[in-house]
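**Student:** Listed in order, the protein sequences are those of chains L and S.
My numbering applies: residue 1 is where the first sequence begins, and numbers increase by one.
My numbering applies: residue 1 is where the second sequence begins, and numbers increase by one.
Simulated from the structure, these hints should not be mistaken for laboratory data.
Values in this document were obtained by computation on a predicted structure and should not be read as measured data.
Keep in mind that the hints are not guaranteed to be accurate.
Stated by the list, open to error - With a straight-line Cα cutoff of 16 Å, these simulated EDC-like cross-link-like pairs (lysine to aspartate or glutamate) come out: (1) L/K90 - S/E243; (2) L/K90 - S/E162; (3) L/K94 - S/D59; (4) L/K82 - S/E163; (5) L/K94 - S/E163; (6) L/K82 - S/D100; (7) L/K94 - S/E242; (8) S/K488 - S/E445; (9) L/K94 - S/E243; (10) S/K266 - S/E162; (11) S/K125 - S/E162; (12) L/K289 - L/E268; (13) L/K90 - S/E542; (14) S/K211 - S/E163; (15) S/K470 - S/E445.
As the list claims (entries may be wrong) - To spell it out: a stretch of chain L is covered by chain S in this simulated footprint if at least three of its residues, at any positions, have a beta carbon under 8 Å from a beta carbon of chain S; those stretches are: (16) 78-85; (17) 92-100; (18) 116-126.
Virtual Cβ for every residue (Gly too), placed ideally from N, Cα, C.
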Amino acid sequence: MRDYRDHSLKQIIREQWCKPLIKYINEKLKYKFLYLGLPSPEIRDLLNWIDYIDEVIAFMCRQYPVPSSISQPKTKVIELEKQLNALERKGALKRFTVYDGYIEEVVLKGSDIAGNPFNQSGVVTIYNLDFCNNITTPLPVEINGRTHYFYKSETIRKLLEIQRDIALKEKSKKFIMFLTVHSDFLNEEKKLFEAQAKDSELKDFISLIDRELKDDWRKKIKLLKGYIFNIIKTFFCSCNFTPEFLPIINYKNDKGTWLMHFTIIGIENKNPSGIAPYLQNINNFLNQKFLTIEDGKIIPKTITKSECDCISNLVDAFQNSEGYRQIWNRK
Amino acid sequence: MSIEITEHDIGAEIISILTKGMYPDPLDALREYVQNSVDANAKKIDIKVHGNSIIVEDDGYGMDDKIMRKAIRVGISDKNPKNDVGFRGIGIYSSFHLCDKLSIYSKSSNTTNPFLLIFDFKSMKDLLEKQQINRLKGISSKLINLQSILQNNIELENINIEEFPKIGTRIEIDGLNSNFFQSISRFEEVAEYLRQVIPVHFDLNKFRWAKIIENTITEICKKHKAEFKLVNLNLQVNNRTEELFRPYTDEQFENMPLEPYFKEIKNKEYFFGVTWGCLNSARKKISDKDLRGFLVRKQGFAIGKRSDISKYFGRTTYFDRYIGEIIVVHPNLLPNAPRTDFEASLLKTMFYETLNEVAFYFNKKADNYQEYTKGDEELDESIIKLREIEGSFLFFSENTEELINKIIEVRNIYEQIQGRLKRDVIRKGRRKEAITIIKLAKSLEKDIQGLINKSKTNRKEITDKMPEVKSIERLRKLPEIRVKMKLKEPKCLNDIFSNLDILITEQMKKILNLIDEKFLQDSTNNKNEYQLALRDLQKQIEEENDERL
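Bound-form chain S, shown alone (with noise of 0.2 Å):
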């Protein structure tokens, strides 16, 4: 048996119910705006909260009286969900609970005059509350239906052209519910919040590969037929005014970042986006935790966590030492309601999949980037060795035991270079010198080990010898030291594990401190002997550290 349903089957106390689940923070409101103006092509944004009222600006495509009356409607939108990031026809209710009334004034360039649409929050929220009251009260009365309460407080009027003159739409929520605009006035909490969720652009001043990352996304997604949107968003908080831009910067990175590393998310039949990331030059975490890793954007807006991703990238040492992002511009993979995640389908389960293979380029990336700048430094210390060895050995020209610890030195110098050589760990543009360095360290086993020779033989005869030692050429032809950057040289115990970003707790680091008193400097007898011992041991440490990656 089919049964009729009416307009008194839907109780308006759902607006409450519905904006109150999905938008519990007035952040999370302001943002639906803001996607609003994105999605009418937007490319400047500004946002203005004047003590208990907020306001937001768009140069977007504006809106005529007819697509106005449409976006009263609830659950119901013209919006593409495969280009538009909202789509839900919810959004315009997000400030709902939040103030007592909504003004939205638009103007399109195919009508002369503005128009204005009027949301009465405050009537609608008090007519509400009295019903519930008179529930509780068990005064039976109507029912408020969603119809009524909507065409009651809902009014859209044809304004004059002075009132409103530009092209595009201006919202204003008035009377802040003062629980919330104490949240909203806080600018740097405003301010954080929508540099990671709105599509803003990259700062040029304060990151070094903003354009290149802006060019190369934009020209990528070009390739496949997608857009890459951007917009300049202006934050007023009361008197603070400042031009938002992505949070990255040159300083989170220790030294600098390297340059961006760019991954299209792509299998055999779609193309999903663009993953781009750009590694700390110092083999270390990003000091941000809040920035650390790769965060996932549907059209520039933030989906999920940080943190969520990292899962597919194994153990999070290399992912914490990454700043980038999951670009997604695939029109069906459509974020879920209070943009945690997708929305379940078959695509969505494609996607994550094409993520193992970015979180492995980006691993290997790092990896690559770990192994060669260890070769650099190796280079560097064997070139260092080498020319302390070849300003000392000929005063251990009579001492046969000094120089066969000298020949030991050298061989484990070559021996080494020549192991990084055949794994294929030293960067392309070292190899050449890497070889000189071999053939210039064999050379100075040869020359050590004919002083053994001779020092066997005949021992006056050495000295006579000594001048036909090729000690000049061979420093001259060493290479250049590279590296200028390299891991801290630890002072204590504690350090190579903070130099390591290896987590340990207080107590742990007490427990070391003793150690380290205990055992460590016990068994060393200078602060020389000392440091490299400590040299040693986080070098070990750390390449413990690697083989468990």
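Isolated chain L, as found in the complex (with noise of 0.2 Å):
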């Protein structure tokens, strides 16, 4: 797997994207924010929105892509810890944990390998997950001396879960995710996908695609832009929050490797059902245009004729959408 996790779109994407709408909702909420992540030593997402953060909970693995162990050398993780803690000192956070390991492996077992315990200490504002692998392949996780096979999406579910378990009494919970991944969908997937794909908008979508686009790279982003619809909205829903999605940003790194930049508001909307209703107009977001990225600029891209337009600037998708309207606001 190569590792793709910096670079120059990248920093075009933290600085135009997704800083407007941090900072927008930061004056909103007025109240520093809760990140969790996977900044990297170089913390470059964290500096640029570091005014609207005050606590920090990263996770670092040793020595990607390999899988943890104790004997790999700590290099990686005592130098984000010194990042973080400059940026304590300097009186720009107020508190930072660093998880030693993956984060799918500290999240799911509960513990990271140095054996400090999984523990949000409350509710996380801006989740940064930059997925370096395969959202689609099951990954081991050894969870006492057996591995077991997990998708890296059920990291997402398991946070949900954890984000929904904080008790949290005046306000109510509201947060950003930015979601980014590998532009990659393996056949035997796509296939289970399509088999899963129940819900009529869904088959409807996929039969759209089938008639538009041969089984080319295009077919397959926006396979995955349904898949991963299809899974947070679940997840999301099934915790209580109501998922906006915003535009997706779909562009090629310096690397070679296509990449999917996902911005999901999630709205705590508690419903007796214990699941809360999803307000988009999934059709309308399905199919909608994908963003990308242009002489250093966000740009629309089109991919077929039937696809609908979508807004470029992060902040008026947002204002627009349905879970602005009907309940941001609200609450």
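Hints given; two lone chains; assemble the complex.
**Tutor:** Structure representation (structure tokens):
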């Protein structure tokens, strides 16, 4: 697996796409945020958003992509701790925690390789989940000496469950989830997804793609979009959060890997059934154009003729969303 | 003949010897840094443990370059032992044998820029180790002296304001030895230690007397021109963060803690401090043995253990029913280096003499409480018994023998109360009730006596005269039962001992079970009788136990 984690295009996304939304939400909520993510020792995302963050929960593996082991050098973990410590000393951060291991290992196992139990101190406002490997392929996780296989998406489900279970009396939980994944979709998984897509809108979406596109990378990324939308939507709703999917950026990094950057707003929306309602128009979202990065700018790109337009300014996209109109201002 | 002493006469090894001896536990080293924060008048201290590093940050005065330069000195301190707890000039090196590097960031209000002081302990330890190896190998080399090792491994620099913008001090201990960071990364262990030894606040949410204790001690100290220091302490160990308070909660007391008693520790000449103590409202030991009794604290820092003080209280029975602290604020009463006691002095002797008075005061309070609660229980029992007799004696109006028994019971009731009144062991608020009960009991005695007299002369007339008995009037006048808490009812012989906090071995428990079965249960006719016998026995053993106090 190639390490695509940092390059100039990512910086454009952080700066031009994510930061204005974080700033906007920070102004609305009027408190500093708890960040949970994989900032790497360079902490580029944190440095970019530091004005709006005062607490960090970070994950750092020792030797990517090799499975974690206590015998591996801890250099990167220590380096990340140093960087965060410097931010704390400068008064930019109130508190931070670094977990030694891959996020999926720590979250699903409940502790990192140094034995520190995973504990979320408060409601996370920014998730920045930069998944380095396939979200659609199960990963081995050692639990009590036995190897279990989990999909990376399971980590998201677990994180949302933890977020749901955090007691919060005064305010409702609102958060942003940035999720970056490989635009890769293996044939077997694609078949599985097609078989599982019981939802008529998803079925329609798949048939539309089949009609419009040949079996190439364009078809794959559209299917992946549907796949991720489907699982994330289910996870959010079942944890009492109404998700609002904002436009997706699909771009090729400087190492030639196609990536997909999702932005999802989660709004706590407790329902007696235990499942939060989904408000967005599924067809509109699924058939929405992707955004891409060209000449340092984020612009829409067209894959098929039937696609509908999308807003290329994240704050505008959020303000025009159903979630914002119907529930964001309510609580 | 005088000898010339040079810097080569003080070997660098002295640092290692001193710090290993004084701070064998990493928590003690941590306490030293927190102590510096308290001495710097910090109101808020954050302790953070991340992997193998520790951070202690405070909002105290902070240091300028001159003070930081002085902090490097070994065994010399500008601190005033009268006001500050740390004053020996060694505490800054307390982490020497525990870590690789110590960085101190500090900014005071009188300088524009902060300063950074770095101690490269790893390099110092490597040099000392090399020297030791050479010595073992018999390789002669020049011994490293203290002056040169410090000079070559300590740096003081002026840093940019952005690096540390706040007024205060931040200590970063990096590269903790793995033997130490294991224990320092256990939250509960660290928190428990800090709660006991650092002058943290009382927990307003968990301890009902927190505010009263803090305010009263502050006021008393103020009256004597002394200061009672308290700090807000936040502890983060990896991912767990909590604000720490003194370890006292209502839950540590059975039922509830009684309102605290306060006693100034003073003699004719000196004011040493204040003692506060909350008594368990149940006449039982505090269940958590680590919190039983009184802890001496100098400016909030623990000195020795609670058990060290118990000897001043005589037997531990009452001592163990208290949770309290002996807050020492006298400036000249100085703690010894390992903080196990005060340094030997005449003042120390005077302090411990005064402590006898303090112990007497708290013992007396516990004794009074014990007697008063027993008095309450007896009054309530009297009310219950009188009600029973009032409701039943008419049924025995023709049974002279039973009426005589009732008279004996009634007499016992008022004589017992009279005895308590005479000994002045009924609380003021219930004295009137006690007198009422005596009056009513005597009136009841008279009525029963009347019945007996009539029964002797003319049996038929008795039934005619019965309405004259003043039962209803007396029942109306009987006071209400007040006490809700009393010793548990024993269900077997062994219960008596556990109810009374009398420790018995497992072997003894088995023997008592046998005695219970073979003799006690055998000598009673039914469950009620058995329980009555147990109750009486518990009472007698309790009285016997109290007499020995």
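**Student:** Does each hint fit the structure? Answer for all of them.
**Tutor:** Hints versus structure:
The straight-line distance between the Cα atoms of L/K90 and S/E243 is roughly 22 Å, outside the 16 Å bound, and the hint therefore fails. Distance restraint check for L/K90 and S/E162: the Cα-Cα separation of roughly 6 Å lies within the 16 Å cut-off, and the hinted pair is therefore satisfied. Straight-line distance between C-alpha atoms of L/K94 and S/D59 comes to about 14 Å, which keeps the hinted pair within the 16 Å bound. The straight-line distance between the Cα atoms of L/K82 and S/E163 is roughly 13 Å, inside the 16 Å bound, and the hint therefore holds.
In summary, the hint linking L/K94 to S/E163 is supported, as the alpha carbons are separated by about 15 Å, within the 16 Å threshold. Annotation: proposed proximity of L/K82 to S/D100 holds, straight-line Cα distance about 15 Å (limit 16 Å). Taking the CA atoms of L/K94 and S/E242, the gap is about 14 Å. The hint holds against a cut of 16 Å. Distance check on the hinted pair: S/K488 and S/E445 sit about 31 Å apart at the alpha-carbon level, beyond 16 Å; violated.
At most 16 Å may separate the alpha-carbon atoms for a hinted pair to count; L/K94 and S/E243 meet this at roughly 14 Å. With a C-alpha separation of about 50 Å, the suggested pairing of S/K266 with S/E162 is violated against the 16 Å cut-off. The suggested pairing of S/K125 with S/E162 is violated, with an alpha-carbon distance near 32 Å, which exceeds 16 Å. For the suggested pair L/K289 and L/E268, the alpha carbons sit about 28 Å apart, so the restraint of at most 16 Å is broken.
Note on L/K90 and S/E542: the hinted pairing is violated, with a Cα-Cα distance of about 63 Å set against a maximum of 16 Å. Between the alpha carbons of S/K211 and S/E163 the distance comes to roughly 38 Å, so the proposed pair goes past 16 Å and is violated. Between the alpha carbons of S/K470 and S/E445 the distance comes to roughly 11 Å, so the proposed pair stays at or under 16 Å and holds. For the region 78-85 of chain L, the assignment as covered by chain S holds, since 3 residues bring a beta-carbon within under 8 Å of that chain's beta-carbons and 3 suffice.
As drawn, the region 92-100 of chain L meets chain S at 6 residues by the rule of a beta-carbon pair under 8 Å; at three or more, the given contact holds. Against chain S, the region 116-126 of chain L contributes 5 residues with a C-beta closer than 8 Å to a partner C-beta. That satisfies the three-residue criterion, and the hint holds.
Hints 1, 8, 10, 11, 12, 13 and 14 from the list above are not met by this structure, while the remaining hints are.
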